[in-house]
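Novice: Here are the chains, one letter per residue:
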Amino acid sequence: MNYFSDMIVWLNDPLNWTNPDGILVRLREHLLIMAGALPLAMVVAWPIGIAFGRSNRGGNLIVVMSNITLAIPVLALLTVLPLTGLGFGRLPVVVALAVFAIPPLLATAFTGMREIDPEVRDAARGMGMGSWERLWRVELPLAVPYLASGLRTAAVQVAATAALASFVNGGGLGTIIAAGFGLGVAAAGGQILAGGLLVVVLALVVEGLGALLQRLVTPRPLREARRA
Amino acid sequence: MSSLAEAKAGNPWFSWQYVQDNAETIRAALIEHVKFTVEAMIIATVLGVLLAVVAYWVRPVAGPILSLTGVLYTIPSLGLLAFVGPLMPSLRSAVVLALVIYALLVIVRSTLTALIQVPADVREAATGMGYGKLARLWRVELPLALPGMLTGVRLATVSTVALVTVGALIGNGALGSLLMDGFRNNFYKAQIATAAILCVLLALVFDTILLLIGRALTPWRRRAA
Chain U
620 MNYFSDMIVW LNDPLNWTNP DGILVRLREH LLIMAGALPL AMVVAWPIGI
670 AFGRSNRGGN LIVVMSNITL AIPVLALLTV LPLTGLGFGR LPVVVALAVF
720 AIPPLLATAF TGMREIDPEV RDAARGMGMG SWERLWRVEL PLAVPYLASG
770 LRTAAVQVAA TAALASFVNG GGLGTIIAAG FGLGVAAAGG QILAGGLLVV
820 VLALVVEGLG ALLQRLVTPR PLREARRA
Chain V
805 MSSLAEAKAG NPWFSWQYVQ DNAETIRAAL IEHVKFTVEA MIIATVLGVL
855 LAVVAYWVRP VAGPILSLTG VLYTIPSLGL LAFVGPLMPS LRSAVVLALV
905 IYALLVIVRS TLTALIQVPA DVREAATGMG YGKLARLWRV ELPLALPGML
955 TGVRLATVST VALVTVGALI GNGALGSLLM DGFRNNFYKA QIATAAILCV
1005 LLALVFDTIL LLIGRALTPW RRRAA
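Protein chains in written order, with my numbering: chain U, 620 to 847; chain V, 805 to 1029.
A couple of the hints might just be wrong.
[To be verified] The following label-pair restraints were derived from C-beta to C-beta distances:
hint	chain 1	residue 1	chain 2	residue 2	range
1	V	T1022	U	F707	47 to 53 Å
2	V	N815	U	A806	31 to 37 Å
3	U	G749	V	N815	51 to 57 Å
4	V	S871	U	M684	27 to 33 Å
5	V	N815	U	W636	19 to 25 Å
6	V	T1022	U	A806	51 to 57 Å
7	V	L872	U	S624	25 to 31 Å
8	U	W636	V	G975	41 to 47 Å
Since the hints were derived computationally from the structure, they do not count as laboratory data.
Heads up, the beta-carbon is just placed ideally off N, CA and C, and yes, glycines get one too.
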């Protein structure tokens, strides 16, 4: 059980950080994948979720969709998409991860719109606001805490599943783990553990940043109301 | 030039020929996938319900258990696999352990939430009728918590079926290995599509079976509806 000391040795070797395929390069790839997948999912999910929520339609559709995506292995999309018109490289990985990030974003946008007090809507209408103005100045600010919580869930999920990109040569921190298993547990147990640790730490950091963001954008009165 | 067209035509997404020629391999992967799922779910359900009951009885640990399971759930599957891989005796048991951990988290959460939601007056009535702690749990609280528990088990099962594929990294992914072999073997589309579709179908079959079991176990809900 000296894999842990192997791990520390591996992490302490500066070359493992700065090599052309070292930790820093892999981390950058990982973050680039996330930076592609999250905005893509947001651009698709939020307008639809907000429109569905405002008109109170499509709620069942959203539930069905998130159930179906739960049953689709990430690996299936990761292997199928590069063989379609998307081609190989980072794009299919980004699209695959975006697909799995859409359900939480969609669901929270929908709930955020549904949870707005109808009287607030009426009051805004009574003040002479048009539909767009109401959305922009009243409804969206009230829905921000929901949107933020969905974004946090989606971001953690993307950070976690981006590790699977290594299966299809998409890079990312998972590559360290995959390369380690390729060498065999006996030879590279320390590297495998180190890769696992890096992936886990990244996910927890994203989770922490998400929680912080969620807190920052939630106005204090809403924060207290939520806790009660 | 016609060879290019042939190569394209020679790699269709669906091929009955492939399924027939490789029926034995596909069946083996499917059975392995079912075994992984069933093994992990049985262990996770038993452990999860036990843990939830302990947390329910010893209420001060309920909060920490709920938040701990939340944090653990954010741990990436590949990261977890990397951690348990070198530490377990065999790679197969590492996959089962990873599956159990994820399913366990979902089941503990849903069971504990369902138990806590049992109305206080129902509990008091049961105590008033002379039920002891265990009898009350078995005959009153668990039956009332059953719908919530079953929702958790269904959710955990569906994601377990999908998660088994990640085991392909260490050569123990059942249908996931079939998927990856197809990808590595010159992007054999028929194999990839067959494995992917079987995964989704398997999840749906498990979900339907559990739904039916749930209906059979809670006849009072059907009568009320």
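Novice: Are S871 of chain V and M684 of chain U spaced within 27 to 33 Å by their CB atoms?
Specialist: holds (28 Å)
Novice: For T1022 of chain V and A806 of chain U, compare the CB-CB distance with the range 51 to 57 Å and indicate the outcome.
Specialist: Distance hint for T1022 of chain V, A806 of chain U holds at roughly 52 Å.
Novice: Quick one: are T1022 of chain V and F707 of chain U within 47 to 53 Å, going by C-beta?
Specialist: Holds, at about 49 Å.
Novice: Are N815 of chain V and W636 of chain U spaced within 19 to 25 Å by their CB atoms?
Specialist: The hinted range 19 to 25 Å is violated for N815 of chain V and W636 of chain U, with Cβ atoms some 41 Å apart.
Novice: Take a look at whether the Cβ-Cβ distance between N815 of chain V and A806 of chain U falls inside 31 to 37 Å.
Specialist: holds (36 Å)
Novice: Taking the beta carbons of G749 of chain U and N815 of chain V, is their distance inside 51 to 57 Å?
Specialist: holds (54 Å)
Novice: Just tell me: holds or violated, for the beta carbon distance of L872 of chain V and S624 of chain U against 25 to 31 Å?
Specialist: holds (27 Å)
Novice: Using the Cβ atoms, figure out if W636 of chain U sits within 41 to 47 Å of G975 of chain V.
Specialist: Distance hint for W636 of chain U, G975 of chain V is violated at roughly 29 Å.
The earlier numbered hints that this structure contradicts are 5, 8.
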